[in-house]
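Colleague: Build out the structure end to end from the sequences listed, making use of the hints.
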Amino acid sequence: MSLTYHLQVVNLLAALLLLIAFAMLSQRRIVGLITLFAWQGAALATSTAIVAWSTGQHHLYYSAALTLGLKVVLVPWYFFRLIRQLDVDREVEPMINIPTTMLIGIILVIFAFNLALPISQMAGTVTRSTLGIALASVLLAFLMMITRSKAIPQVIGFLAMENGLFFAATSATYGMPLVVELGVALDVLVAVFVLGIFFFHIRETFDSMDLKHMERLREK
Amino acid sequence: MEMYWLLGLPLAGGITLAFWGHRAHAPEINAAFSLATLIAAGWLTAHIVAEGPVLIGGDGWFYIDAFNVFLVALTAFVAFTTALFSRPYMRIEQAHGRVNAARLRLYHASYQLFIGTMLLALTTNNMGILWVAMEAATLTTVLLVSLYRTPAALEAAWKYFILCGVGIALALFGTILLYFAAEQVLGAGGGALSWTHLNAVKTRLEPVVLQLAFVFLLVGYGTKVGLVPLHSWLPDAHGEGPTPISAVLSGLLLNVALYAVMRSKVLVDGALGGASLAGALMMGFGLLSVLVAALLIRRQTDVKRMFAYSSIEHMGLITFAFGMGGMVASFAALLHMTVHSLTKSAIFYAVGHATQKAGTQVMEDIRGLIKTNPTIGWGLILGTIAILGVPPFGVFASEFLIITTTMHQHPWATPVLLTALGVAFAAMFGRVQPMVFGETTLPRLPHQPALLPVFVHLALVLMLGLFIPGYLAHWYRQAACLLGG
Chain A
1 MSLTYHLQVV NLLAALLLLI AFAMLSQRRI VGLITLFAWQ GAALATSTAI
51 VAWSTGQHHL YYSAALTLGL KVVLVPWYFF RLIRQLDVDR EVEPMINIPT
101 TMLIGIILVI FAFNLALPIS QMAGTVTRST LGIALASVLL AFLMMITRSK
151 AIPQVIGFLA MENGLFFAAT SATYGMPLVV ELGVALDVLV AVFVLGIFFF
201 HIRETFDSMD LKHMERLREK
Chain B
1001 MEMYWLLGLP LAGGITLAFW GHRAHAPEIN AAFSLATLIA AGWLTAHIVA
1051 EGPVLIGGDG WFYIDAFNVF LVALTAFVAF TTALFSRPYM RIEQAHGRVN
1101 AARLRLYHAS YQLFIGTMLL ALTTNNMGIL WVAMEAATLT TVLLVSLYRT
1151 PAALEAAWKY FILCGVGIAL ALFGTILLYF AAEQVLGAGG GALSWTHLNA
1201 VKTRLEPVVL QLAFVFLLVG YGTKVGLVPL HSWLPDAHGE GPTPISAVLS
1251 GLLLNVALYA VMRSKVLVDG ALGGASLAGA LMMGFGLLSV LVAALLIRRQ
1301 TDVKRMFAYS SIEHMGLITF AFGMGGMVAS FAALLHMTVH SLTKSAIFYA
1351 VGHATQKAGT QVMEDIRGLI KTNPTIGWGL ILGTIAILGV PPFGVFASEF
1401 LIITTTMHQH PWATPVLLTA LGVAFAAMFG RVQPMVFGET TLPRLPHQPA
1451 LLPVFVHLAL VLMLGLFIPG YLAHWYRQAA CLLGG
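Protein sequence lines correspond, in order, to chains A and B.
Per my numbering, residue 1 is the first one in the first sequence, and the count goes up by one each step.
Per my numbering, residue 1001 is the first one in the second sequence, and the count goes up by one each step.
Everything hinted at is true.
Simulated pairs of lysine-lysine, BS3-like, Cα-Cα distance not exceeding 27 Å: (1) K212(A) to K1159(B); (2) K150(A) to K212(A); (3) K150(A) to K1159(B).
Partial selection, computed: residues in chain B whose CB lies under 8 Å from chain A: (4) E1135; (5) R1149; (6) P1151; (7) F1173; (8) Y1179; (9) A1188.
It should be emphasised that the hints constitute simulated quantities derived from the structure, not laboratory data.
We treat Cβ as the ideally placed atom computed from N, Cα and C, and that holds for glycine.
Modeller: Structure (structure tokens):
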């Protein structure tokens, strides 16, 4: 098992990450979106673990375990429970113009690769070539956040952005210091639970999870 | 030792109040914990003043120097006075039926945790933990902004979460880039993100990466500072949340976010060898914020939103001054941070009681405060005069310093600043004056308002305008040296 072989697996997983990011962009159903998010987390955890194994960076194992526990198991489980309780699992989002969104997505990917180029040239990590993909998935998640009008997809976009950032940290520097990763994971966990509570408040007040109702506060 | 008290007390307070719940004396416990935190902050301050900057904790987890210790003291002080103000204020809100016991439990527990996250952000030595604390500060306040559960409040809280969440994600990318640059000099591990280590090697950090990192950090934390065009969450969150929360958001959180930007700026300036990309960016954002906020103040009808825009204006002014750099401008910016924080929270206390009395936040419906409740009226008009920069209040002193420095260094910006300040003056004074002196038929408040904090804050601002005590000036000078020297 040579390093190049590992590297190819990591590159494959990175490509998968990007593909999932595109799939999320075009996914209309909330259930499908959560499943995709779990898969993205799984790809991230696997690639982090492989990088940890092949480079001997042991603290990355913790990072992989955190991703697995939090983003593959806990958060998707919590979201599935939430959508059952809120009874929105059949909800389909009427999205306008998926092709246009995809085109914008492709432009973002090109932009991300160009932005990452000078940095990845300076990086000393074996995984530096995946930095462009990491940045691209951050931008795609961001695009998903701004094109959705429902609350849960926006939050999944936010979490997918966090996935991309973790991937960026792994590819550029073999991950952040452990204490920071723990802190970030704690924040994600708290964010998900706070938003879980918040969803019920939105539902109670607006009788819907559609954020189109939220248009009161506009500057006149 | 005092460091652990400082962070432990708000955490303990949050947990205690979460369990104590809606039983009697929760507001008093809240105030008591805030007072204890203030004492710990005072203790820490005395320690730093006597011994100079210190690293605390095993691996140098916390770093306290002249810059952050003054913000720690200010944060603990305003947190305490706000706790005093919120005691009668929230009681009246409960009497009006806007909050119930369960929500008050959430309110008190989150309030303490929020103060704790801000103090952690200020004292930590690790740029990564700073990020974690800033994000935690957003999370603890999301449910506070939506406390009233009205459609508008929920919308404001959602906007606050999403915008600050995206902003903070960009700041995380900036932090990753910073770590990337640091790792090549310092090697991997927790030490590579600690500010003191970074500061020691800042001239050897890769300038291109640091520039890029700063752009992300500025945009990310700048969202929380409320810099235009990233400000749109701020007026909503201030307008729809409970008034004590508006006071701490405006008076404290914005300062803490700007603190994060400044810590990054020191590193970038070092890496670029004094070339002023960071400064130029901050000046640009600052100037735009001052101008746009001043123009938007004119169009406000809601009193809390108007003062929220005034916060954007003043944060813009401070960012501009820090961006100019140099000893005098940094000194003025630090002074302005202090007086703005004290004055704006005082105004929100007065506004809180005024809106409570009138039962509306629409300025046209609030009239004649001076007749029905003279202390609220005087508090509001004096606070407004102070924030508008009328001498002899402290805001005048710092604005005067900022503008004279601008004339020397960047004369082209002076007319923009003066026009913006003039527009804001005319708009705000014109609106507040009839609120205080107009004719009214409204009855008095059923409960005695807590206005002592208003006058204590305004007295401090007045004092800072007339003379700055020697040790305080020394302290500001040290911090200014550190930032712009």
